[in-house]
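Q: Let the hints inform the model, and build the full structure from the sequences given.
With mature numbering (1 follows the signal peptide of the UniProt record, and there is no 0) as the guide, the letters of the sequence shown map in order to residues -22 to -1, 1 to 253.
Heads up, a few of these hints could be off.
Said to hold, decoys possible - When the alpha-carbon atoms are kept at most 25 Å apart in a straight line, the in silico SDA-like pairs for lysine to any residue are as follows: (1) K176 - T151; (2) K69 - K173; (3) K173 - V127; (4) K176 - Q236; (5) K158 - A143.
Everything labelled a hint here was simulated from the structure, so no lab data went into it.
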Amino acid sequence: MFTTTRALVAVVAAGVLTTACGSSPMQMPSSSAMPESSMSMSPMAMGDGLAAQSGGYTFKPASNTVTGAFTFQILGSDGRPVTAFEPEQTKLMHFYLVRSDLTGFQHVHPTMAADGTWTAPLAGAASGTYRAYTQFVVGGQSEVLSQQVTVPGSATNAALAAPSATTAVDGYTLTVGGDKPMAGMSHQLTVSVAKDGKPVTDLQPYLDTYAHLTAFHATDLVFAHLHPQGTVDGDRGGPTLTFEAMLPRPGDWRMFVQFQTGGVLHTAAITIAAS
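A: As C-alpha cells, then:
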C-alpha cells in the first residue's frame, strides 16, 4: 500500500557535459521522402536529481527493495497520486536505475494504472545499492525525483573506467567531442558514431531523436540529461549528433548513450571528466 506524504520543495536535475575532443556539428540530409520532426528542447529541470520531493511532487515507491518490476506513484502537494502527465521525448515517464558504482544502468518507460500507480518493467539487476530516478513533466515543468533502492544480496563494486573520448558497443565506436567541459556553463557536446572504421548514417529515431544521453556524477550520482539539437529525418541519422550540455559540477561523470540501428537499441557507456 502507498501512504501519502506531503511534498516539500527541493531541487531536481538538469544539464550535462562535454569533452575536449573536437568534432564537427550534427550532419543531417537536406532532403527526404519522409517528414522531418524537430528534436525540440524539453522543459529543463533545475537541480541535481537527488531529491525525492521537489516542486510540490513526491516520488513514492511501493518498496525500496527491488525484486522485479518496480512500482511507484508521484504524489502531488495534496498527497494524492498525480495522473495527468505531459509527454517528454514521446513518453509520459522516464525511469532510470543505476548502481552506486555506475554499472547496471537501465532506462525504461513505465505504464500507469488508472489510480496513478506506475510499473517499471526492469530486467534482472545485480545485487547492490542503486538509485532510481523518475523524470516527468507536469504543468509544463520538468521534474527529476529519485530514491535510493536496494537489490538484495552481497555485492562487490566495480572500479570506474578512466575518462576517455571513445567507447565501443556492439561493434560500434562512439567518439565524444565538443567544447572543453566547465561546470555550470552551457556547452555543445557531439557524439560521432562509426562502424568498421566508417561513419554510420543509418541511425533510427529513438524517443524523437537519434541518441538519448544520460549522465551521473561519479561521486554522488547527481543526474544530468542532455538535450538533442537538430531534426529527425527518417532512418538517416549520423554520423555526428549535437547536444546542448550544462554540467552542474566538476569531476568524473558516467554517460550512457542510447541509439538505435536496424530496430536494435544499443547502450554505450563512457566516462567524461569536467573541470
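Q: Decide, hint by hint, whether the structure agrees.
A: Status of each hint after checking the structure:
1. The hinted pair formed by K176 and T151 meets the criterion: a straight-line CA distance of about 10 Å does not exceed 25 Å.
2. This hinted pair does not check out: K69 and K173 have alpha carbons roughly 29 Å apart, beyond 25 Å.
3. Between the alpha carbons of K173 and V127 the distance comes to roughly 37 Å, so the proposed pair goes past 25 Å and is violated.
4. Of the pairs offered as hints, the one joining K176 and Q236 holds, with about 19 Å between alpha carbons and a cut-off of 25 Å not exceeded.
5. The hinted pair formed by K158 and A143 meets the criterion: a straight-line CA distance of about 12 Å does not exceed 25 Å.
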